[in-house]
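> Sequence:
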Amino acid sequence: MGRYILKRLLLIIPTLFGIMVVNFIIVQTAPGGPVEQALAMAKYGQMPGDTGKSTQIISGSGTDTSQSGYRGAQGLNSELVKKIEQMYGFDKPPVERFFIMMWRYIRFDFDDSFFYGKNVIQLIFERLPVSLSLGLWTMLIVYLVSIPLGIRKAVKHGTKFDAWTSGVIAVFYAIPSFLFALLLITLFSAGNPLKLFPLRGLVSDNWATFPWWQQVSDYIWHIILPVLALVLGGFASLTLLTKNSFLEEINKQYVITARAKGLAPNKILYGHVFRNAMLIVIAGFPGSLIRTIFTGSLLIEILFSLDGIGLLGFTAILKRDYPIIFGELFFFTLLGLLIKIINDLMYRAVDPRINFESQGL
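Numbering (my numbering), first residue to last: 1 to 361.
Careful: at least some of the hints might be erroneous.
[To be verified] Derived DSS-like pairs (lysine-lysine); straight-line CA-CA distance at most 25 Å:
| no. | residue 1 | residue 2 |
| --- | --- | --- |
| 1 | Lys252 | Lys160 |
| 2 | Lys340 | Lys7 |
| 3 | Lys82 | Lys92 |
| 4 | Lys252 | Lys267 |
| 5 | Lys83 | Lys319 |
| 6 | Lys82 | Lys118 |
| 7 | Lys82 | Lys156 |
| 8 | Lys261 | Lys156 |
| 9 | Lys92 | Lys319 |
| 10 | Lys82 | Lys319 |
| 11 | Lys92 | Lys118 |
| 12 | Lys118 | Lys83 |
| 13 | Lys118 | Lys252 |
| 14 | Lys252 | Lys156 |
[Unchecked claim] Computed beta-carbon distance windows for the label pairs:
| no. | residue 1 | residue 2 | range |
| --- | --- | --- | --- |
| 15 | Asp91 | Leu338 | 33 to 41 Å |
| 16 | Asp162 | Leu263 | 35 to 43 Å |
| 17 | Leu318 | Thr209 | 32 to 40 Å |
| 18 | Trp213 | Thr29 | 50 to 58 Å |
| 19 | Ile5 | Ser78 | 49 to 57 Å |
| 20 | Thr315 | Gly284 | 23 to 31 Å |
| 21 | Trp221 | Val171 | 22 to 30 Å |
| 22 | Lys252 | Arg107 | 47 to 55 Å |
| 23 | Ala30 | Phe274 | 47 to 55 Å |
| 24 | Ile12 | Leu196 | 42 to 50 Å |
These are computed hints drawn from the structure, not numbers from a lab.
Think of the CB as a built atom: it goes at the ideal place given N, C-alpha and C, for glycine as much as any other residue.
Generate the whole structure from the sequences, applying the supplied hints.
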């Protein structure tokens with residue numbers, strides 16, 4: 001197993017490098033980059049980032065019209081355009097910029113945001129608690145609901161219970177989480193007579209002044225609607241996965257043999273079937289958690305004004321804040337590749353019979 005883990009760790013290097021190359025090319029060729037946005041702002045005497053530096057750059061602009069190929073550079077001094085390029089590092093060729101960026105990232109030396117004026121890692125860790133709160137509570141509730149329901153549906157396969165629950169699950173599977181969020185906001189917030197829950201934020205503005213028990217209740221009060229929206233939109237897939245996994249095991253020969261020997265149904269289900277059927281469900285938990293935290297909660301964060309990782313990345317894309325875009329991409333791609341290895345280790349922990357090395361992996 002150690003050789004397999006070493007091989008997977010080494011494969012992270014070319015995989016991560018390839019992902020960064022492809023995304024760098026796509027992002028760099030997209031119009032409306034940071035230099036173009038800065039040039040547009042410069043026409044109005046404004047610049048993002050460090051105001052002292054920006055004021056100095058703008059004050060140095062003359063009357064010479066720039067012949068730069070950037071959109072929005074017309075009517076600006078060519079020296080101003082060069083200074084803006086230097087400020088964002090665009091005075092170097094793209095290939096050189098890429099390798100400079102990768103060398104810094106390898107040493108976990110992430111750059112400062114163009115627009116927030118803070119280091120990317122600092123921004124990520126400032127917003128990570130919000131996304132973690134959504135992801136952890138969502139996955140906990142989803143697993144607590146989906147696993148028992150999936151097992152029950154497998155045991156009652158073909159009955160009325162299975163039929164009507166399948167209909168309910170199909171409805172929840174077809175509706176995305178953000179539509180549930182809009183429905184919950186309409187019913188229980190946003191000026192409705194049943195305004196029972198707050199519309200924005202993870203805690204109240206004066207949360208720090210509350211006693212600890214009131215802080216806990218205030219946090220739960222704020223988190224109920226966004227977590228409920230994610231649970232309603234996410235439990236159907238895991239329920240079906242659990243049911244199908246248990247059905248596959250229940251129909252195998254060793255279960256038929258156990259029944260023929262007269263073993264109690266619960267002993268067969270939880271003593272023999274459970275471990276084998278739960279293999280794929282349990283092993284997929286880390287990957288599901290990462291997807292929920294960093295991709296699934298984006299629209300929920302926007303709708304409920306939760307300043308999390310998803311909203312940070314979305315805003316960075318709109319503003320072409322390259323340090324955040326590539327910093328998040330590098331950090332979470334590396335984390336995702338490591339999670340895949342953890343998934344394999346969990347498969348092995350749940351079922352020691354699995355041997356990845358014997359399969360040539």
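> Take the hints in turn and mark each one as holding or not.
Checked hints:
Distance hint between lysine 252 and lysine 160 is fulfilled; the C-alpha atoms sit about 24 Å from each other, no more than 25 Å. Taking the CA atoms of lysine 340 and lysine 7, the gap is about 13 Å. The hint holds against a cut of 25 Å. With a C-alpha separation of about 11 Å, the suggested pairing of lysine 82 with lysine 92 holds against the 25 Å cut-off. Restraint check: the Cα-Cα separation between lysine 252 and lysine 267 comes to about 16 Å, which is no more than 25 Å; the hinted pair holds.
At roughly 20 Å between alpha-carbon atoms, lysine 83 and lysine 319 fall within 25 Å of each other, so this suggested pair holds. Between lysine 82 and lysine 118, the direct Cα distance comes to roughly 23 Å. Compliance with the 25 Å bound is thereby established for this hinted pair. The suggested pairing of lysine 82 with lysine 156 is violated, with an alpha-carbon distance near 71 Å, which exceeds 25 Å. Between lysine 261 and lysine 156 the CA atoms are separated by roughly 22 Å; this keeps the pair inside 25 Å, and the hint holds.
The suggested pairing of lysine 92 with lysine 319 holds, with an alpha-carbon distance near 21 Å, which does not exceed 25 Å. Proposed proximity of lysine 82 and lysine 319 is supported: the alpha carbons are some 20 Å apart, at most 25 Å. Distance check on the hinted pair: lysine 92 and lysine 118 sit about 23 Å apart at the alpha-carbon level, within 25 Å; holds. This hinted pair checks out: lysine 118 and lysine 83 have alpha carbons roughly 21 Å apart, not beyond 25 Å.
For the suggested pair lysine 118 and lysine 252, the alpha carbons sit about 57 Å apart, so the restraint of at most 25 Å is broken. Taking the CA atoms of lysine 252 and lysine 156, the gap is about 17 Å. The hint holds against a cut of 25 Å. Between aspartate 91 and leucine 338 the CB atoms are about 35 Å apart, so this pair conforms to the stated range of 33 to 41 Å. The hinted range of 35 to 43 Å is not satisfied by aspartate 162 and leucine 263, whose Cβ atoms lie roughly 24 Å apart.
The given range of 32 to 40 Å is respected by leucine 318 and threonine 209, whose C-beta atoms sit roughly 34 Å from each other. For tryptophan 213 and threonine 29, the Cβ-Cβ distance of about 54 Å falls inside the hinted range of 50 to 58 Å, so the restraint holds. The supplied range of 49 to 57 Å is met by isoleucine 5 and serine 78, whose beta-carbon atoms lie about 55 Å from each other. At roughly 30 Å, the beta carbons of threonine 315 and glycine 284 sit within the given window of 23 to 31 Å.
Tryptophan 221 and valine 171 have their C-beta atoms about 28 Å apart, which keeps the hinted 22 to 30 Å range intact. The hinted range of 47 to 55 Å is satisfied by lysine 252 and arginine 107, whose Cβ atoms lie roughly 51 Å apart. Range check, alanine 30 to phenylalanine 274: Cβ separation about 49 Å, and the 47 to 55 Å hint holds. Between isoleucine 12 and leucine 196 the C-beta distance comes to about 47 Å, which sits within the given range of 42 to 50 Å.
Of the hints listed earlier, those the structure fails to meet are numbers 7, 13, 16, in rising order.
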